[in-house]
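Novice: The primary structure of each chain is shown beneath.
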Amino acid sequence: MTLTNYLVLAAILFTVGAVGVLVRRNAIVVFMCIELMLNSVNLTLVTFARATGTLDGQVIAFFVMVVAAAEVVVGLAIIMSIYRTRRSASVDDANLLKY
Amino acid sequence: MNPVPATGLLSLSWLLIALPLAGAAVLLLGGRRTDRWGHLLAITTVTASFVLAVLSTVTLAGLDERSVGVDLFTFISTGQLDVSAGLLVDPLSMTFALLITGVGALIHVYSVGYMAHDPARRRFFAYLNLFVAAMLLLVLGNSFVALYVGWEGVGLASYLLIAFWYTRPAAATAAKKAFIMNRVGDVGLALAIFIMFTQLGTTSYAGVLGSVGLLAGGTVTAIGLLLLLGACGKSGQFPLQAWLPDAMEGPTPVSALIHAATMVTAGVYLIARSAPVFDAAPAAQTVVVVIGAVTIMIGAIAGCAYDDIKKVLAWSTVSQIGYMFLAVGLGPIGYAAGIAHLLTHGFFKAGLFLGAGSVMHGMGDRTDMRRFGGLATKMKTTFVTFGLGYLALIGFPFLSGYWTKDAIIEAAFDRGGVSGWVLGGVAVLGAGLTAFYMTRLMLMTFFGKPRWEDGVHPHESPAVMTLPMVVLAVGSVAAGFVLVQVAPLADWLAPVFGEPEEAAAHVVPPLVVSVLVTVVVAAGALVAWLAVGRRPVPTTAPAQVSFPVRAARNALYADAVNEAVFMRPGMRLTRAAVLVDDRGVDGLVTGIGTGLGSSSTRLGRAQTGFVRSYALGMLGGAVLVAGALLAVTAG
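Protein chains in written order, with our numbering: chain H, 869 to 967; chain V, 4 to 638.
Hints were generated in silico from the structure; no laboratory data involved. No residue lacks a Cβ here, since even glycine has one placed at the ideal position from N, Cα and C. Don't take every hint at face value.
[Unchecked claim] Here are the computed distance ranges between Cβ atoms for each label pair:
hint	chain 1	residue 1	chain 2	residue 2	range
1	V	S601	H	L944	37 to 45 angstroms
2	H	K966	V	P572	56 to 64 angstroms
3	H	Y967	V	P572	50 to 58 angstroms
4	H	V897	V	V588	56 to 64 angstroms
5	V	V628	H	N963	26 to 34 angstroms
6	V	R575	H	K966	50 to 58 angstroms
7	H	Y967	V	D584	30 to 38 angstroms
8	V	G623	H	L871	53 to 61 angstroms
9	V	L591	H	V897	50 to 58 angstroms
10	V	G623	H	M933	25 to 33 angstroms
11	H	N963	V	L591	36 to 44 angstroms
12	V	G623	H	T922	27 to 35 angstroms
Given the sequences, and given the hints that come with them, work out the whole structure.
Specialist: Have a look at this one:
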């Protein structure tokens, strides 16, 4: 296994996540795609940490996990309240904040 | 020459101004509570001022050094500008103070009767008191700045009193006209004061007049011409004469006090007070003389053609002040003569106006002389007092006008050379025209058959009105003789103008001048009798008249000239400025505003509310940043 394989996998995961955010309407799926992107970044960080033999990348990966956990808490709460008021989890339906 | 500090009674001179000012304040602030006794308070304050002025004059006459300064307080003190408010009590200022308070008190008394039925009588007396205070400040101030404060004060009082019956559009318009034309002159006076300050660093009479010699000739001429512009505005002299006849829209006592006896002579005072400036600037002096001569003719010609009794008297005032300007423009030989004519004119013209007011009072406020006639028997006191004023004005031998006007005409001839003959000729011709229009006025008002409108019942005015007229008539008869022969005004004013100098050799002997003037005056009166005394006067003015008469009826088209030369171009300039402001300046500012507004509205369209489009934007931005970073690090 070379470094490149990890990086290619991370890039594929990130692309899948980004495309998912752009094209999917369901808020839960969009959310999962965001998690996918975060974790692809984590993978990259850990890969480089291992390649260079330092701990910096791993530490940052932990930070990302913590932030992602907090984000999930807040984000899922928002999605829940939107679903309760609109009976829908589509991100396109929550469009009140516009010009 | 610095004035000596005041002691004793003269240090109370500020009371002269403070008394009428306090009267005005009480009447204006007291409101309706003072309605019942307001006029009495006003008369009391002015009379007290008059008594104080008499006592001060007597005190002043007893002093060796007849120039007394009264320091009051520091008026302006900033950097190099240091103006202290103070009064200058000298023969010239006390002469004016006596005229103002004396004639002022008489006219206050007269107004009690004249304004008896006016609901706003208290306001009238408040303004009259305000005027007297401002006028006294004008003549008593010890610096050009103090004079300027009084100058604007009388302008305000004049405006308020012309527009006293402000519900009449004619009165409101006349007041605005007077105010605006006075502004033109006031700008000149203000500029003159600015020049004094920048060049000499002081505006006090002692400082400025004592150091005229230090200034360059051009500067002195400029100061003189600017002072003259101010004087022309206030005194209704050419080219700013058109406001004075319109000012007759005010109540008649106002016309008598402000627009005949005192305020309009402020210009003469200004020039006489600034005598050293004009003596050092022959060019400015020549302009004064020319303006005086031109105004004599304008006033006299216009006076011949009007049918409104007050307007004829107003044009007569314009013409007579022209004589005073002519006199003070002649230099040292003319100052005392000009002031003497100013004093006698104050008596007889105030008397004439009060007489005209009495006639109007009896005729139900009508002023058209074509509807008067035959009033001599109905209003005997008015007729006699008015007649004496008339004789004094036209220069009937040995009455006031004869002494003082002849002195001016002699001085004009004594100027010598061609200009002396021209000026003397104009003055003599003006005297003839004066006799013509005043005789015409007398004949149309008091003689001939009655041409009264229906429902008019002429009656004599009450004693409160006739008494001041009688006093002024006595002054009209005697003042000239007293001022020229008994106690020469020239000697009294010597501390101000220097010892009176007798012309080395008269160009025309005084006796010849007297006879010539008397003959011309008689001729003018005769022509007037031939025109209106011998045959019946039509009740409407003839429409088919020659060009000179039409021109005179339109006051030689002064209004038309003002309108064409100043008003219309001024309006066009204003409109152009408004256009530039609206389209240019405002356009730029509002253009930037609306431009920003519309572009932000357009940018706001990007906020669609679709989360995914925002996400696309973020992704695009991130790619762009990453691409840029790559390009930079790789390059």
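Novice: Now look at each hint and say whether the structure bears it out.
Specialist: Results of checking the hints against the structure:
1. V:S601 / H:L944: 37 to 45 angstroms: Because 41 angstroms falls inside the window, the suggested range holds.
2. H:K966 / V:P572: 56 to 64 angstroms: holds (58 angstroms)
3. H:Y967 / V:P572: 50 to 58 angstroms: For H:Y967 and V:P572 the Cβ distance comes to about 53 angstroms; the hint holds.
4. H:V897 / V:V588: 56 to 64 angstroms: Between H:V897 and V:V588, where Cβ atoms are some 58 angstroms apart, the hint holds.
5. V:V628 / H:N963: 26 to 34 angstroms: Holds, since V:V628 and H:N963 (Cβ atoms, about 27 angstroms apart) stay within the stated range.
6. V:R575 / H:K966: 50 to 58 angstroms: holds (53 angstroms)
7. H:Y967 / V:D584: 30 to 38 angstroms: holds (35 angstroms)
8. V:G623 / H:L871: 53 to 61 angstroms: Once the Cβ atoms are compared, 29 angstroms apart, the range 53 to 61 angstroms for H:L871 and V:G623 is violated.
9. V:L591 / H:V897: 50 to 58 angstroms: holds (53 angstroms)
10. V:G623 / H:M933: 25 to 33 angstroms: With Cβ atoms ~28 angstroms apart, the hint holds.
11. H:N963 / V:L591: 36 to 44 angstroms: At 39 angstroms between Cβs, range holds.
12. V:G623 / H:T922: 27 to 35 angstroms: holds (33 angstroms)
Checked against the numbered hints above, the structure violates only hint 8.
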